[in-house]
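**Student:** Sequences are here, hints too, so could you generate the full structure?
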Amino acid sequence: QRDFYGAAFQLKPPRVFYWYLFVYWPHIAAERGGDPHYFDPGTMKPLINSDAAVKALEVLKKATEYMPPGVLAWEWDETFTAFVKEGYVAMTIHWPDEGKRAPELAPLPIPNPPEPELGVALPPGVIGPDGKLYQYTMIDAAWVAGIAKNSANPEAAWAVLSFLCSPEHDLERVMAPTDYMPDTGHDPYRYSHIYSPRFLALKPHFKIMTHAYEEAAVHGFPLLKIPGAYEYLEKLATYVHGYLSGEIPDAKTALDDLAAEWESITEEFGRESQREAYLGMWG
Numbered sequence: 001q002r003d004f005y006g007a008a009f010q011l012k013p014p015r016v017f018y019w020y021l022f023v024y025w026p027h028i029a030a031e032r033g034g035d036p037h038y039f040d041p042g043t044m045k046p047l048i049n050s051d052a053a054v055k056a057l058e059v060l061k062k063a064t065e066y067m068p069p070g071v072l073a074w075e076w077d078e079t080f081t082a083f084v085k086e087g088y089v090a091m092t093i094h095w096p097d098e099g100k101r102a103p104e105l106a107p108l109p110i111p112n113p114p115e116p117e118l119g120v121a122l123p124p125g126v127i128g129p130d131g132k133l134y135q136y137t138m139i140d141a142a143w144v145a146g147i148a149k150n151s152a153n154p155e156a157a158w159a160v161l162s163f164l165c166s167p168e169h170d171l172e173r174v175m176a177p178t179d180y181m182p183d184t185g186h187d188p189y190r191y192s193h194i195y196s197p198r199f200l201a202l203k204p205h206f207k208i209m210t211h212a213y214e215e216a217a218v219h220g221f222p223l224l225k226i227p228g229a230y231e232y233l234e235k236l237a238t239y240v241h242g243y244l245s246g247e248i249p250d251a252k253t254a255l256d257d258l259a260a261e262w263e264s265i266t267e268e269f270g271r272e273s274q275r276e277a278y279l280g281m282w283g
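For the sequence shown, position 208 matches number 208 in this note's numbering, and the numbering has no gaps at all.
You can take every hint at face value.
Mimicking PhoX-like on lysine-lysine, the simulated pairs with C-alpha atoms at most 25 angstroms apart in a straight line are:
(1) Lys55 with Lys12
(2) Lys55 with Lys252
(3) Lys85 with Lys207
(4) Lys149 with Lys225
(5) Lys252 with Lys45
(6) Lys225 with Lys12
(7) Lys225 with Lys45
(8) Lys85 with Lys12
(9) Lys132 with Lys55
(10) Lys12 with Lys61
(11) Lys252 with Lys12
(12) Lys62 with Lys12
(13) Lys61 with Lys252
(14) Lys62 with Lys132
(15) Lys45 with Lys55
(16) Lys252 with Lys62
Estimated spans, in silico, between C-beta atoms of each pair:
(17) Leu108 with Val144: 30 to 40 angstroms
(18) Thr184 with Ser151: 15 to 25 angstroms
(19) Ala260 with Arg198: 44 to 54 angstroms
(20) Val144 with Trp282: 17 to 27 angstroms
If you are wondering where the hints come from, they were derived from the structure by calculation, not from laboratory data.
If you're wondering where the values come from, they're calculated on a predicted model, not measured in any experiment.
Just so it is clear, CB atoms sit at the ideal spot from N, CA and C, and this is done for glycine as well.
**Tutor:** Structure follows, in structure tokens:
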């Protein structure tokens with residue numbers, strides 16, 4: 001028997017920004033009446049230090065009180081192990097690995113535990129002043145491969161990628177590990193994956209994920225994809241973790257300082273060109 005915790009997220013920099021954004025988006029959507037954004041689309045002024053953003057960061061820190069000790073240094077391995085392999089965490093926001101590997105789910109760390117079961121749902125939402133529930137999940141870039149501009153053999157590289165991404169081998173890759181292919185760590189990301197009879201026959205526990213995939217597609221928000229995205233998100237991780245760890249005393253200070261950093265990045269890349277790129281990100 002061991003201590004049991006309500007949740008755990010990957011809160012180690014630099015990817016801590018992911019888990020903050022899962023909390024930020026429903027809060028900023030509720031504040032803006034269903035129009036969530038990273039920046040004001042007209043001015044490129046950051047919204048990351050708005051009242052909603054501050055509240056979201058305070059909520060995330062409150063949630064850490066119900067997480068295991070040391071969680072601010074956790075990455076994928078620690079989170080997956082605690083939730084699936086050792087069963088001492090009740091909830092997590094994570095990638096689809098748990099769906100593929102649900103048979104590995106450990107029972108609760110108590111005497112005579114019940115048979116473990118995996119449940120899947122969208123991340124928690126926020127009810128806005130208008131009474132509506134705002135609920136989102138992140139839509140990132142899935143699995144993306146590229147060829148370096150200065151590649152000596154771009155045609156050969158393209159041939160390899162075409163082989164790997166062909167329907168036959170692509171499906172096997174996201175199902176792995178199987179008798180056909182060793183583990184790849186890749187998750188299903190196409191409708192043809194999650195509805196494949198072969199996939200669902202080999203990974204029957206993944207069926208619980210298919211409805212969540214459909215919901216996520218409807219309630220998705222994009223990860224920031226504009227010039228300087230790395231710089232914006234790296235700074236976001238730094239200040240979020242600084243507040244969660246106690247290095248920065250309050251959420252408002254952390255996010256005000258972050259907003260100033262974002263403004264500097266925007267100016268460096270050019271405000272108008274950044275605004276055009278940001279609007280283009282939304283399609």
